[in-house]
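**Q** Residue-level listing of the chains:
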Amino acid sequence: GENVEQHPSTLSVQEGDSAVIKCTYSDSASNYFPWYKQELGKRPQLIIDIRSNVGEKKDQRIAVTLNKTAKHFSLHITETQPEDSAVYFCAASIGGGNKLTFGTGTQLKVEL
Amino acid sequence: EPEVTQTPSHQVTQMGQEVILRCVPISNHLYFYWYRQILGQKVEFLVSFYNNEISEKSEIFDDQFSVERPDGSNFTLKIRSTKLEDSAMYFCASSGGARGYTFGSGTRLTVV
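Respectively, the protein sequence lines represent chains U and G.
Residue numbers are given in this note's numbering: position 102 of the first sequence equals residue 446, and the series is strictly consecutive.
Residue numbers are given in this note's numbering: position 66 of the second sequence equals residue 189, and the series is strictly consecutive.
Please note that a few of the clues may not be correct.
[To be verified] Straight-line alpha carbon distances no greater than 30 Å define the calculated DSS-like cross-link-like pairs of lysine-lysine that follow:
hint: 1; chain 1: G; residue 1: LYS180; chain 2: U; residue 2: LYS412
hint: 2; chain 1: U; residue 1: LYS386; chain 2: U; residue 2: LYS453
hint: 3; chain 1: U; residue 1: LYS412; chain 2: G; residue 2: LYS206
hint: 4; chain 1: U; residue 1: LYS453; chain 2: U; residue 2: LYS412
hint: 5; chain 1: G; residue 1: LYS165; chain 2: U; residue 2: LYS381
hint: 6; chain 1: G; residue 1: LYS180; chain 2: G; residue 2: LYS206
hint: 7; chain 1: U; residue 1: LYS381; chain 2: U; residue 2: LYS402
hint: 8; chain 1: U; residue 1: LYS415; chain 2: U; residue 2: LYS401
hint: 9; chain 1: G; residue 1: LYS206; chain 2: U; residue 2: LYS415
hint: 10; chain 1: G; residue 1: LYS201; chain 2: U; residue 2: LYS453
hint: 11; chain 1: U; residue 1: LYS415; chain 2: U; residue 2: LYS381
hint: 12; chain 1: U; residue 1: LYS415; chain 2: G; residue 2: LYS201
hint: 13; chain 1: G; residue 1: LYS201; chain 2: U; residue 2: LYS402
hint: 14; chain 1: U; residue 1: LYS453; chain 2: G; residue 2: LYS206
hint: 15; chain 1: G; residue 1: LYS201; chain 2: U; residue 2: LYS386
hint: 16; chain 1: G; residue 1: LYS165; chain 2: G; residue 2: LYS206
[Said to hold, decoys possible] Partial selection, computed: residues in chain G whose CB lies under 10 Å from chain U:
hint: 17; residue: VAL127
hint: 18; residue: PHE188
hint: 19; residue: SER218
Calculated directly from the structure, the hints in this document are not laboratory data.
Since the structure is predicted, the reported quantities are computational estimates derived from the model, not experimental observations.
Ideal Cβ positions, reconstructed from N, Cα and C, are used throughout, including at glycine.
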């Protein structure tokens, strides 16, 4: 089955700096890659997603890149703010109603 | 914006007791899921449900677990004889297939 690896497990940045979180997946059939932000005790909230027919997607300060050949995808957050502090999870799915396989999460801390 | 609702938000139960976790998926979604998140760990897939039957289940979803869609709106997860290690946050999710997944706010299950 699908296996998703995520790095780093913790990331500490200064406010205003950029943060990059990387994931790799194993199943070449995966074609949907969402990123979730989870605050303590809350549900995972979708922040951005990308499908395998595009290589990059951007939404304001957040961007995701996908390299299908290498089977990895990354989340980029620019101009980080304290409210970006949370756990971020990547996930992969073969789509069409199939399950999400999650990465192990990255605890992002944005320091003042 | 449509939401997935879950009840109860927190359930405390004695080891060996049965619990039923309830979910109301988004009305026009076709795919329903249960995920589990042990404190501090990643989100793990339990089961997916489509067209009134289980479409996929993980190795976690053993004989003590069952799911039902008893009517047109509710989707339930039953744990027959709870164990201490079942303590976790349980998230229901639904999707429309081509679109992203929407997670409920979760039920925190504590087995004592």
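**Q** Against the earlier hints, flag every one the structure doesn't satisfy and list their numbers going up.
**A** Numbers 3, 9, 10, 12, 13, 14 and 18 - these are the hints that the structure violates, sorted from lowest upward.
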